[in-house]
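Asks: Letter by letter, the chains look like this.
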Amino acid sequence: MDVILPNLGFLLSGLATTAVLALISIVAGTVLGIVLGTLRYTSVPVLGQAAAIYIEFTRGIPLLVFLFLFYFALPALGGYKVSAYVAAAQGFSFFIGAYLAEDFRSGLRSVRPQLKQAARASGLTETQVFRHIVLPIALRRIIPTLFNQYVRLFKFTSVASVIGVSELTGRAMLVNAREFAPIAIIVTLALTYLVCCLALSSIGRALSHRFTVRT
Amino acid sequence: MNYSFDWSVIWEYRELITRGFINTVLLSLLGLIFAALLGILMGTLASVSSRRLRWIATIYVETARNIPLLIHMYFWYIALAYLRLPAFACAVLGLSIYSGAYVTEVVRSGIAAVPRGQYAAALATGLPPFAAMRHVVYPQALKIVTPSLAGLASQLIKDSSLASVIAVAELTYEAGAIEGLTFRTFEAYIFVSLLYLALVTIVSQVLMLLTRSRKSETISVSEG
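So the protein sequences, as listed, match chains A and B. Just so you know, we're using our numbering here: the first sequence kicks off at 245 and counts up by one. Just so you know, we're using our numbering here: the second sequence kicks off at -14 and counts up by one.
Keep in mind the hints are simulated off the structure, nothing from the lab. Check each hint, because a few of them may be wrong.
Said to hold, decoys possible - Which residues of chain A face chain B? A few of them, derived with a C-beta cut under 8 Å, are: (1) 305; (2) 306; (3) 313; (4) 402; (5) 406; (6) 407; (7) 408; (8) 413; (9) 414; (10) 418; (11) 437; (12) 438.
To be verified - Each pair of labels, with its calculated beta carbon distance range: (13) B:71 / A:292: 46 to 52 Å; (14) B:98 / A:439: 30 to 36 Å; (15) A:368 / B:168: 29 to 35 Å; (16) B:-11 / A:257: 29 to 35 Å; (17) B:38 / A:356: 40 to 46 Å; (18) B:71 / A:287: 47 to 53 Å; (19) B:98 / A:442: 24 to 30 Å.
Using N, Cα and C, we set each Cβ at its ideal position, and we do this for glycine too.
Based on the provided sequences and hints, a complete structural model is requested.
Replies: Right, here's the structure in full:
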């Protein structure tokens, strides 16, 4: 505790960076997941296949390598500079988006065809059926899976410290370099992640309990 | 975009890449074995009737999987530095304990999917509890959960890249080394990405093939 308390402010602002990074990536990743998942579901020509290739590629490589692509490889290729924070946010969003796309697609596919036929028969257009019937049901159904991915993403943010983002893990390592109390610092770090992840899962459980639809 | 590609560096540093690839395979293999053992043990504990034993499994699962893998590795490598474990061993420990939590959940759900009557019937034929699990419950549970286990295996291979952070000379680490030596950033990381993609695809396809042959085998047994 004697090492944690004097550095509490420093560590808490790291936690804030972690939370913001996670939140940005969750929002952007979810939007990307919905778009890619819908492209896959409706099997739009060309774009559908492109989405499939992107998803397969991303799901087949490690997160760390994916971050390196966004921080080192793509800027080298395109001749631009990017800050570690922006590269991490891009990497996490594109990474989790590929996983969420598959979850969305299976959610969309779980909506029974009779329901769509009924909606069509009531006079809605294809787009309206998708927008007002299929999508909301699919979204509600995959809340538990979504939150599993969000928890995964929250844990992933620790990897951003490797490319030099000063988030919770990065800051804890700095404190350790100064104070050298590795056990206290790493155990505190682990417990902080534990509490945050458990909180995030319980939000997911509460939401899925509230919004579950049975059709 | 005026980046001039130079893929020859990959061939030039093939020894580094081969060494990294072998270490990634070794790391994943050891991680898989220990995660499977831990998962079977804890998954079985999670399925027994004693509430206290089930608690042990629950506490393990919730702590191990809600802490980032990187922190697991730091724990063994930095927090317990006085043990002087080699980085490779720290990576294996971190990977196995982290992934073991996911395997535990899969094993638990597999055991739960086997009808309780199977275990009761096995006991009734005179098998001791351990033999009943070993010969009756586990084989059926394994058949049910193999797709999930294949998913976890490919996840573990990808997760093993984090070992590079604690200086294990595996594939990602070597990509960084090649980048540092040659500044061929794009080539190094794209090539390594494709190697991971190939490894993960092959492993999950092979595991799925194994399931298929295993399935037909068990069906023929139950028909016979």
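Asks: Each hint needs a verdict: does it hold in this structure or not?
Replies: The hints, checked one at a time:
Of the supplied interface hints, the one on residue 305 of chain A holds, with its beta-carbon coming within about 4 Å of a beta-carbon of chain B, less than 8 Å. The restraint placing residue 306 of chain A at the interface with chain B holds, with a minimum CB-CB distance near 4 Å, inside the 8 Å limit. Given hint, residue 313 of chain A at the interface with chain B, holds; its Cβ is 5 Å from that chain's nearest Cβ, closer than 8 Å. Checking residue 402 of chain A against chain B by beta carbon gives a least distance of about 4 Å; that is within 8 Å, so the hint holds.
Because the closest C-beta pair between residue 406 of chain A and chain B is about 5 Å apart, less than 8 Å, the hint holds. A distance limit of 8 Å between C-beta atoms decides the matter here; for residue 407 of chain A the minimum to chain B is near 11 Å, and the interface restraint is violated. With a least beta-carbon distance of about 12 Å to chain B, the hint placing residue 408 of chain A at the interface is violated under the 8 Å criterion. For residue 413 of chain A, the suggested interface contact is upheld, since its CB lies about 7 Å from the closest CB of chain B, less than 8 Å.
For residue 414 of chain A, the interface hint is violated, since its Cβ never comes within 8 Å of a Cβ in chain B; the closest pair sits about 11 Å apart. Annotation: interface hint on residue 418 of chain A violated; nearest CB of chain B at approximately 13 Å, more than 8 Å. The interface hint given for residue 437 of chain A is met, as the beta carbon of that residue sits about 5 Å from the closest beta carbon of chain B, less than 8 Å. Taking 8 Å as the C-beta contact cut-off toward chain B, the hint placing residue 438 of chain A at the interface holds, the least distance being around 5 Å.
Separation of residue 71 of chain B from residue 292 of chain A is about 47 Å and conforms to the stated range, judged on CB atoms against 46 to 52 Å. Checking the proposed 30 to 36 Å range against residue 98 of chain B and residue 439 of chain A shows it holds: the Cβ atoms sit about 32 Å from each other. For the hinted restraint 29 to 35 Å between residue 368 of chain A and residue 168 of chain B, the CB-CB distance of approximately 57 Å leaves it violated. Distance hint check for residue -11 of chain B and residue 257 of chain A: the Cβ-Cβ separation is about 42 Å, which falls outside the suggested range of 29 to 35 Å.
Under the hint 40 to 46 Å, the C-beta atoms of residue 38 of chain B and residue 356 of chain A, about 41 Å apart, fit the expected range. In this structure the hint that residue 71 of chain B and residue 287 of chain A lie 47 to 53 Å apart at CB holds, the actual value being about 50 Å. For the pair residue 98 of chain B and residue 442 of chain A, the beta carbons lie near 26 Å from each other, so the given range of 24 to 30 Å is met.
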